[in-house]
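> Single-letter residue listing:
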Amino acid sequence: MTAAPSVTADWMVGTVTSTAYATPGGRVLALEVPHWPGNLAGQHLDLRLTAEDGYQAVRSYSIASVGFGSTVELAVDQIPDGEVSPYLTMDVMAGDQLEVRGPLGGWFVWKPTDPGPVQLIGGGSGVVPLVAMMREHVASGSDVPFKLLYSVRTNDDAFFYDEIRSLASPTIDVTFAFTRKTPYGFEGTAGRLTKESVERDTIPASENPTVFVCGPTGFVEAVANWLVALGHDPARVKTERFGGK
Amino acid sequence: MDAVHPASGPIAIVRVDGNAVAGRLSEIFRKDMTLASGQCRTCHRETEIASTVVELDDAGLIVLCPSCKHTMFTVVTGPVRTWIDLSGISGLSIPNA
Amino acid sequence: MAVISRGFGSRRRESSPDLPPGQFLTEDFPVLSAGPTPDIDTADWEFSIVFDGGETRKWSWDDLMALPIETINTDIHCVTRWSKLGTTWRGVSLDTLFEGIDTSYGYTMIHSYGGYTTNVPLEDLMDGKAWIAFEFDGEPLDPEHGGPARLLIPHLYFWKSAKWVRGIVMHENDDPGFWEQNGYHLYGDPWLEQRYW
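Chains as they are written, first to last, in the numbering used here: chain A, 1 to 245; chain B, 1 to 97; chain C, 1 to 197.
In case anyone wonders, no lab produced these hints; they're calculated from the structure. Note that this is a predicted model, so its numbers are computed, not measured. Note that beta-carbon positions come from the ideal geometry of N, C-alpha and C, so glycine has one too. Be aware that a few hints might be false.
Said to hold, decoys possible - Here are the computed distance ranges between Cβ atoms for each label pair:
(1) A:D156 to C:E70: 32 to 42 Å
(2) A:L230 to C:G138: 30 to 40 Å
(3) A:D91 to C:T88: 41 to 51 Å
Claimed, not checked - Listed below are the simulated SDA-like cross-link pairs for lysine to any residue, each with C-alpha atoms no more than 25 Å apart in a straight line:
(4) B:K69 to C:M126
(5) B:K69 to C:I72
(6) B:K31 to A:G38
(7) A:K111 to B:V80
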């Protein structure tokens, strides 16, 4: 894609075409949205569900797919006591209809024409827009240096785990940080990210990377504060917070 | 993050950023406001809406300056009308494209 | 009509008991028609309390400033239930103003310059719960935010902390004030105030 799609503020009908269990609490959904204008890597959509009595709920989800086409891929993580995520992770099935609005977000976006290097830092389901960026990197043949640091409880909890590992290349470096349990054969111990581990596993501030941080609010704020403390220009650290810890 | 309301007890407040409310804002402004920027009336810092801190619930959202944490603007949606209070920003700029 | 999503809706949150669906505001709620911001000089400012039987106590601005002044650090809970970071006020406690008075009435009507009224039970004004506040975060309270003096009742909905306060009248019953009478509800506060009012 070479130009930003125009904003659609109106709701479009989408039909679920497939669902796949991705993690113990999460699913990847494919939606067919006939009038989808396409999206850039990093954009999200709003998803609206309406119950028979008219009750509505709206939630935002990052889009894993990128580019033109009417198929939109989302990854949804289940939130305890949530209203919408249990429906999307357990109830919804192929053929069900819902509504989407988007694509949204012009700021947390990576385009192949943007300068590098690029550091991606994701927590949990925050990796979804970063996967879209990695897919765009590959699809566009870009040689911009990319580095991903993905913090997640265990490898079972990682969205697109196999795909991410397969995307590793001379221009895409992938580092996993497992906070609870490491997989067999993994070099390194389990533990949450710290300022030191972020410094060790990311492109240094001296190389002036654009940094994208996405995940729960608490995670994003902690990481962003560390990055600034490590000398990154705050204007080059782009964050997207989901809410929660 | 919780707040305590005198009448009904603890309420969960969701704190996100301006990216998360792109959709809601597009209902009012009819364009993607994440790239719009506002100048905080309190500290005068200019911030992209995407970088602001936003507290939200079903009724509305409060957009806060990431630097001084004062309110920049609020949007509260009732069943018939929506109230927008812009008194915390002294200017808004929006890309033409 | 929006597209219905099969099977959605069984896990919805309980809605707030004071927000029955569809019974919020009417289109003609007079949010901004109640008048401009009153502009009162402290030289003209007066505060009165009218007690049962009609006895009245009055204070001028200088009288108020001569009373014991307290510093109040509090979180303000605004009407839309969003909390606010800590704020610091200075003001005179309602306990000081009610000292030595016997009243058998349990309710009050708060009157503001500009004609606004709001009703507050007496017990919500007593025992260190309410002040006449005239300074916010070290600065004199400006008219836009209720200055020169407003009522401050941190534990109640912030719209009960009446701006431009001018007096209290004791009531035997819990009669509704201006906003309450006009069907004011959660979303209609003309003083709709978020974190920093």
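> Measure nothing beyond the straight line between the CA atoms of B:K69 and C:I72; if it is 25 Å or shorter, mark the hint as holding.
holds, 21 Å
> Determine whether the Cβ-Cβ distance between A:D91 and C:T88 falls within the hinted range of 41 to 51 Å.
holds, 49 Å
> Should the hint that A:D156 and C:E70 are 32 to 42 Å apart at their CB atoms be regarded as holding?
violated, 57 Å
> Going straight from one Cα to the other, do B:K69 and C:M126 come out at no more than 25 Å?
violated, 32 Å
> Run the distance test for B:K31 versus A:G38: straight-line Cα separation, threshold 25 Å.
holds, 16 Å
> Check the hint pairing A:K111 with B:V80 against an upper bound of 25 Å on the C-alpha distance.
violated, 40 Å
> 30 to 40 Å was suggested as the range; check whether the CB atoms of A:L230 and C:G138 agree with it.
Given a distance of about 36 Å, which is inside 30 to 40 Å, the answer is holds.
Going down the numbered hints, you'll see the structure goes against 1, 4, 7, while the others check out.
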